[in-house]
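Enquirer: So the chains spell out like this:
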Amino acid sequence: MHGRPRTAPKPEDAAASAAKAQKLRALQSQFLSYHHDRIYTKEALDTSAKLLEINPEYYTAWNYRKLAVEHNVKESESSPESVKSIFDEELKVVENALRQNFKSYGAWHHRKWVLSKGHSSLDHELRLLDRFQKADPRNFHAWNYRRFVAALLGRSVEDELQYTEDLIGNNFSNYSAWHNRSMLLSEILKKKEQESYSQDTISKEYEFVLNALYTDPDDQSGWFYHHWLLDQTSKAKAPLLVSSWPVPGSELVVSGNVSLGDHPLSSFSKVTVALERFPVVLYFNQTVEGVNSSTVAIQCTFVQNEDVTWKPFSPQNSWASKVWVGYLDLSGVDHHSSAPHTVEVKLGHHKGIMSSNGLQLSVPFDLSFRVSVKPLETQSSKDEKLVWEEDKFYACEMPIPCLCYDGISVGNKYEPTTSDWQIGTIAEEISQIRNLLAISDSKIGKITLARLLMAHDVMSSPYATKTVHAEEVLGLYSELMKLDPSHSQYYKDERSLVLLQQLLSSGGTLLKHCFYYGGITSSSTHGPICLRLNNQSISRMGAFDKLLWVQMLDLSDNELHSIEGLEAMQLLHCLNLGRNKLRSFTALDPLRCLKSLKVLNISHNEIGLHSIDTTRYLCSASPLSHNGEVIWHGDDFTPEDADVTNYWEASMVFKSLELTQLDIVGNAVANEKFQSFLLKILPKLQFLDGQNLHRI
Amino acid sequence: MGELAGDKHVKYILCVEKKKDSFESVVMEHLRLNGAYWGLTTLDLLGKLDTVDSNEVVSWILQCQHESGGFGGNIGHDPHLLYTLSAVQVLALFDKLDVLDLNKVTDYIRSLQNEDGSFSGDVWGEVDTRFSYCAICCLAILKRLDLINVEKAVRYIVSCKTLDGGFGCTPGAESHAGQIFCCVGALAITGSLHHVDKDLLGWWLCERQVKSGGLNGRPEKLADVCYSWWVLSSLIMIDRVHWIDKEKLIKFILDCQDTENGGISDRPDDAVDVFHTYFGVAGLSLLEYPGVKAIDPAYALPVDVVNRIFFGRC
Ligand SMILES: [Zn+2]
Chain H
1 MHGRPRTAPK PEDAAASAAK AQKLRALQSQ FLSYHHDRIY TKEALDTSAK
51 LLEINPEYYT AWNYRKLAVE HNVKESESSP ESVKSIFDEE LKVVENALRQ
101 NFKSYGAWHH RKWVLSKGHS SLDHELRLLD RFQKADPRNF HAWNYRRFVA
151 ALLGRSVEDE LQYTEDLIGN NFSNYSAWHN RSMLLSEILK KKEQESYSQD
201 TISKEYEFVL NALYTDPDDQ SGWFYHHWLL DQTSKAKAPL LVSSWPVPGS
251 ELVVSGNVSL GDHPLSSFSK VTVALERFPV VLYFNQTVEG VNSSTVAIQC
301 TFVQNEDVTW KPFSPQNSWA SKVWVGYLDL SGVDHHSSAP HTVEVKLGHH
351 KGIMSSNGLQ LSVPFDLSFR VSVKPLETQS SKDEKLVWEE DKFYACEMPI
401 PCLCYDGISV GNKYEPTTSD WQIGTIAEEI SQIRNLLAIS DSKIGKITLA
451 RLLMAHDVMS SPYATKTVHA EEVLGLYSEL MKLDPSHSQY YKDERSLVLL
501 QQLLSSGGTL LKHCFYYGGI TSSSTHGPIC LRLNNQSISR MGAFDKLLWV
551 QMLDLSDNEL HSIEGLEAMQ LLHCLNLGRN KLRSFTALDP LRCLKSLKVL
601 NISHNEIGLH SIDTTRYLCS ASPLSHNGEV IWHGDDFTPE DADVTNYWEA
651 SMVFKSLELT QLDIVGNAVA NEKFQSFLLK ILPKLQFLDG QNLHRI
Chain G
1 MGELAGDKHV KYILCVEKKK DSFESVVMEH LRLNGAYWGL TTLDLLGKLD
51 TVDSNEVVSW ILQCQHESGG FGGNIGHDPH LLYTLSAVQV LALFDKLDVL
101 DLNKVTDYIR SLQNEDGSFS GDVWGEVDTR FSYCAICCLA ILKRLDLINV
151 EKAVRYIVSC KTLDGGFGCT PGAESHAGQI FCCVGALAIT GSLHHVDKDL
201 LGWWLCERQV KSGGLNGRPE KLADVCYSWW VLSSLIMIDR VHWIDKEKLI
251 KFILDCQDTE NGGISDRPDD AVDVFHTYFG VAGLSLLEYP GVKAIDPAYA
301 LPVDVVNRIF FGRC
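Protein chains in written order, with the numbering used here: chain H, 1 to 696; chain G, 1 to 314.
Just so you know, the hints here were simulated from the structure itself, not pulled from any lab data. All C-beta atoms in this analysis are idealised placements derived from N, C-alpha and C, irrespective of residue type, glycine included. Not one of these hints is a red herring.
Dumping the calculated EDC-like pairs for lysine to aspartate or glutamate here, alpha-carbon to alpha-carbon at most 20 Å:
hint	chain 1	residue 1	chain 2	residue 2
1	H	K50	G	E24
2	G	K211	H	D441
3	H	K482	G	D245
4	H	K20	G	D21
5	G	K161	H	E187
6	H	K322	G	D197
7	H	K482	G	E247
8	G	K221	H	D218
9	H	K270	H	E397
10	H	K684	H	D643
11	H	K134	G	E220
12	H	K237	G	D197
13	G	K161	H	D231
Which residues of chain G face chain H? A partial, calculated answer using Cβ under 7 Å:
hint	residue
14	V27
15	H30
16	L145
17	L163
18	G172
19	E174
20	C206
21	Q209
22	M237
23	D239
24	V241
25	H242
26	W243
27	D270
28	E288
29	F310
If you want the ones that stay clear, here's a sample from chain H, every Cβ over 10 Å from chain G, calculated:
hint	residue
30	E81
31	D123
32	G666
Start from the sequences, fold in the hints, and give me the full structure.
Expert: Following this line, the structure appears as structure tokens:
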């Protein structure tokens, strides 16, 4: 089916083909009748051998031969000679078949089967493999078989490593050999506990691969291996808490479940959350598991530690996540007094919080903050419409308090997790790749340099607050977009992440994006603070560890098609995603975790425009990905007459939210039928597309 | 750029079905059930499934079923998961899943799960993550996923992860796009995509696009229309499909059409076959090419068929 030229059939070819076909058909029906009648005579076996020589993919014939072997071996149990000859015959048939098609799954498996019965000499198999692998060094069947034989032989990892080295020496563009090398090396690195040994090994590999990269800087094989080495080098050893909400030392004033108009979020320390759901968010530098009430101790007057349940924020049901949240119930706090309560969160004093490769949290971490509940006033009066218009926002002059883990004391107990060897190695590679790029315009070399530079920044500043190389990396991605336009969206996404990192890492740049919202008439003081990242050409959101404090976020006029990671922003109250490239409701899945979200603008996106939904399998509650959480039909929250069958995606997102304001105009999906569906599943909605619904 | 010669392709598929005497079709006889799935799905994507007599197909499919419950690639051939999946998929296309003796099929599939969570393709014990996909996809369509140990099945697939974020057929094996589709598909269907490093795999997959616009299956290999399916569907499941140039890929696929006699080949000017015709059309479907019905990237069935099964949406 591959590589045959398209030619108009000549009559004589057709005749020849028909004759050949007739012969093969006769062979096949002869074979099938032997098979069905369980006839295992020499003649019958010959028929199957002939058939397999022509068509090694004829899998039933391989099965038949296994049956025949079992049958005939039983018959000649007394004679080891004849048993040997039975198996030798099988090896021969396989060899013939492989000569015809050595990508035949059936043939390779048959050989494995014979071998697993203890026949053929393993040395013979290795010699055969050498021959096959020389003919096609990328044949993955042969590589798989080689791993199988090497394991049976008990060949040392070092010997096999040498074999990959030889093949790469012959032709460095052998991705299969590089792959096998990564597998073997992982085994070695896992076994050898000694750190210096691992470091030496990895350093040597860098030298080895660099040679290949110089030979042809545009060949991908070595670069992927290089990327893997970088991963081995820069893997932070142990998990580290890099951000949290609240931040240590903060003084917070909480007002419960009231409308925006009455209690403006007018400073960084005033928050509006449901009193039974005061979130504590822990953000680690890598995926961890084991965050629970025995590994995290909460001390305060109003909540028992055991009553706090920690939840991982991963898009799907999983025990591990980078972000964890625990909710404190404040409803027991005396609402008539505004006396502050101290909350202490201690984690890592007991083992249990660990990374996917079993490493424990690097240092214990204590964070304490004070929270006071704003006394309840008379029932809130009216809801006001929030208008995302330019003239409603005023520059924020308030100095920004420390919102993330940089300058603030995160406890002197912090030990750097990065070793000198790691930073040194990355620095060395940076200069090596720079040299290479001086003589070649390799696109994948530029990608590698960008990654090395970012890795260097992360290592020198674990809380990602210093972005020394950001400018250079941004430049590299801009160059790449021109150099390799086919993948420009990839570079744009990567660029967006770096840009956000840079924007949000320092108080100075951050302040430029903080605004007061002045659209609330009843507000006596300043309006709420809005982080405005609108119109920044951002195609991908990131740096969420820097955004945990945000309650009002404007991301409009960007190029976002995903909001993956946004679930960490537990305080989010108002979100503007207008004029982006969101393609479906399933892309809004992260919103389901944002219980404080009241105002949402998703107008002028592409929802309903596309026939292919690219987030269909990434949402946590889809009936298509059977993960048990789904109750989408006839549950208590969905009104019976709502058309859930046709709008399950929207229903999934919205039924877990209590939106008061929604803008959805300008999406293909937003017709009248859909609007009436929305009104059914959003009973608290006050404004739809700017229209007051006058519901109360 | 040329256009999709949909009618020609329909004619080609219907014609291949009748041309049983050519050498090519005799060689393919043992996997006729796969062929039926490729051909019929293509017809459905092109809106022409009704040109086929469904009763005839269904009764033939049932003749491919064995005592064990599994399906062979054709009448008289041994049962295997590869063909069992095709049988279930074709019945799903025709909305005829109710002809199946559910317990019989699902018992067969269940019996092939091994202690480590992996699946054998048949009683002869070849293990491959392709078979994990076949089993999981089949059982999901039949709504009997609870019959197997999904957790172990997922763990086995994850153990086949490679340096590039992709997956191989067994632990230690090299990844390639076809295998990645199987593993990512199985993880998607079991709600386990959090095990995939989406950025790493997405980058590797988008680097499969070569200068011609076509996609290859492994680094430094030739582009081939069938990878339009394997690579694209995987990229879609992990939401990274925007990282490739869709227009160039559409052009590559269209350039592989035989605009005279219908059918699509692996590369421009090669001989066409049903396999590549299906993957070309399915690729165009994933690229939202006008006039082609949408296909689901995980179940490899038209979206309306999948929605009918899981949402009762008509
Ligand atoms: Zn192909």
